[in-house]
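6 protein chains.
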Amino acid sequence: MPRIIVQAIEGRSLEQKRHLVRAITTGVVDALSVEPETVTVVIEEIPREHISKAGVLYSDRPGKTAGAAAAEGRS
Amino acid sequence: MPRIIVQAIEGRSLEQKRHLVRAITTGVVDALSVEPETVTVVIEEIPREHISKAGVLYSDRPGKTAGAAAAEGRS
Amino acid sequence: MPRIIVQAIEGRSLEQKRHLVRAITTGVVDALSVEPETVTVVIEEIPREHISKAGVLYSDRPGKTAGAAAAEGRS
Amino acid sequence: MPRIIVQAIEGRSLEQKRHLVRAITTGVVDALSVEPETVTVVIEEIPREHISKAGVLYSDRPGKTAGAAAAEGRS
Amino acid sequence: MPRIIVQAIEGRSLEQKRHLVRAITTGVVDALSVEPETVTVVIEEIPREHISKAGVLYSDRPGKTAGAAAAEGRS
Amino acid sequence: MPRIIVQAIEGRSLEQKRHLVRAITTGVVDALSVEPETVTVVIEEIPREHISKAGVLYSDRPGKTAGAAAAEGRS
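Protein chains in written order, with UniProt numbering: chain A, 1 to 75; chain G, 1 to 75; chain R, 1 to 75; chain E, 1 to 75; chain D, 1 to 75; chain C, 1 to 75.
Quick caveat, the hints were computed from the structure, so don't treat them as lab data. Quantities reported herein were computed from a predicted structural model and do not represent experimental measurements. Take these hints with a grain of salt, some might be off.
[Claimed, not checked] Okay, derived cross-link-like pairs now, DSS-like style, lysine-lysine, Cα gap no bigger than 30 Å in a straight line: (1) R:K53 to D:K53; (2) A:K53 to R:K53; (3) E:K53 to G:K53; (4) D:K53 to G:K53; (5) E:K53 to C:K53; (6) A:K53 to C:K53.
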C-alpha cells in the first residue's frame with residue numbers, strides 16, 4: 001500500500017528517476033517494515049511555467065534556466 | 001521544491017514517521033542532487049474504512065486487524 | 001494499478017462507502033479490462049467548513065445542513 | 001460535489017475513457033444517491049517511466065510492453 | 001508552506017497564468033498573514049478528454065469547443 | 001470547473017478560512033474570467049507531525065510551536 005508521490009520540476013534524466021524510485025523505496029521499506037512489492041512511487045513533473053513562488057512563475061525568474069536551478073539544488 | 005507525499009494506512013508510530021521522513025529526504029537529496037532544505041515530505045494517513053482493494057474495504061477484510069496487516073508488511 | 005480517489009463531503013454511512021467502492025471497482029474492471037485485485041479505491045472525506053463554492057463555505061450556506069444537502073443529492 | 005480521480009497507466013483509448021467515466025458516474029450516483037450533474041470524474045494518466053513498484057520503473061520491467069501489461073489487466 | 005494547487009481545463013494563456021498566481025498569492029498572504037516567499041502555487045491543466053460531468057467527457061459535449069466554454073466562464 | 005486546493009499547516013481560525021476562500025475565489029474569477037459559481041476551493045490541513053522539511057518533522061523543530069510559526073508567517 002504505501003504510495004509515494006514525488007512532485008518535482010520537469011527536466012530530470014531517466015537515470016535520476018531510476019535512482020530516485022530505488023532510494024525512496026528502500027527508505028520506505030526500512031522505515032515502515034513493509035515488503036518492497038507493496039511500495040509504489042509515482043513521479044509528477046511540473047513544468048516551470050506551472051509553478052510559482054511569491055507570485056512569480058519559475059519560468060519568469062530572472063537568470064534561472066532549468067539547468068541552472070537544478071544544478072544549484074534548489075528545485 | 002521536491003515535494004514528496006506518502007500515502008499509507010493509518011497507525012504508524014511517531015518514531016516510524018520520523019524515520020520515514022529522514023530516509024525519504026536522504027534518498028531524494030542523493031538522487032536529485034538538491035539541498036535538504038528544499039525537500040518537503042507530507043504524510044497522508046488513510047483510515048482502513050476509507051480504502052479498498054478488489055471492491056472490499058481494508059476494514060472489512062477477514063482476520064486482518066491493522067496491527068496484523070502492518071506486521072506482515074502488506075499495508 | 002488503477003487507483004481511484006473519491007472526494008466527497010463528510011457524512012456518508014459505512015454501508016454507503018461499501019456500496020461505493022464495490023460499484024466503482026466493478027465499473028473500472030468493466031471499462032479497463034483489469035483484474036479486481038489491481039483496483040484500489042480511496043475515499044477522501046471533506047468537512048463542510050473546508051470547501052467553498054462561489055467563495056462561500058458549505059458550512060456557511062443558509063439553510064443547508066449536511067443531511068439536507070446530501071438528501072438533495074447535491075453534495 | 002463528488003469528485004472522482006482515476007489514476008491509471010497511460011495508453012487507454014478514448015472509447016475506454018468514455019466507458020470509464022460513464023460506469024464510474026453511474027456507480028457513484030447509485031451508491032451516494034446524488035444527481036449525475038454533481039459528479040465530476042478526472043482521468044490522470046501516468047507514463048510508464050513515472051511509476052515504480054518494488055523500486056523498478058514500469059518501463060524497465062523485463063518483457064512487459066504497455067500493451068502486454070494492459071492486456072493482462074495488471075496496470 | 002501554504003501550497004495552492006489550481007486544477008483547470010487546459011488552454012489558458014501564459015499571461016492568464018501569471019495573473020492567476022499573482023492574484024492567488026496576494027489572497028493567501030492577506031488571509032493567512034504569511035510571507036509571499038512561503039506561498040507556492042501549482043497549476044494542473046486538465047485536457048477536455050480527461051474530465052467528465054454527468055458521465056460525459058467535456059470533449060464530447062455538443063457544441064462546446066474549448067474557447068467557447070472558457071469564454072462563457074464555465075470551465 | 002476551476003478547483004483550487006489549499007494545503008496549509010493545521011490551526012487557522014474559521015474566520016481566516018472564510019477570508020481565504022473569498023480572496024482566492026475573487027483572484028481566480030479575475031484572472032480566468034470565470035463565474036464565481038464555477039470556482040471550488042478545498043482546504044487541506046496538515047498536522048505538524050505529518051510534514052517535514054530537511055528531514056525534520058515540523059512538530060520536532062526546536063522552539064517553534066504552531067502559534068509561533070504561524071505568527072511568523074512561515075507556515
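Verification of the supplied hints:
no. : hint           : in the structure
1   : R:K53 to D:K53 : holds, 17 Å
2   : A:K53 to R:K53 : holds, 25 Å
3   : E:K53 to G:K53 : holds, 17 Å
4   : D:K53 to G:K53 : holds, 25 Å
5   : E:K53 to C:K53 : holds, 25 Å
6   : A:K53 to C:K53 : holds, 17 Å
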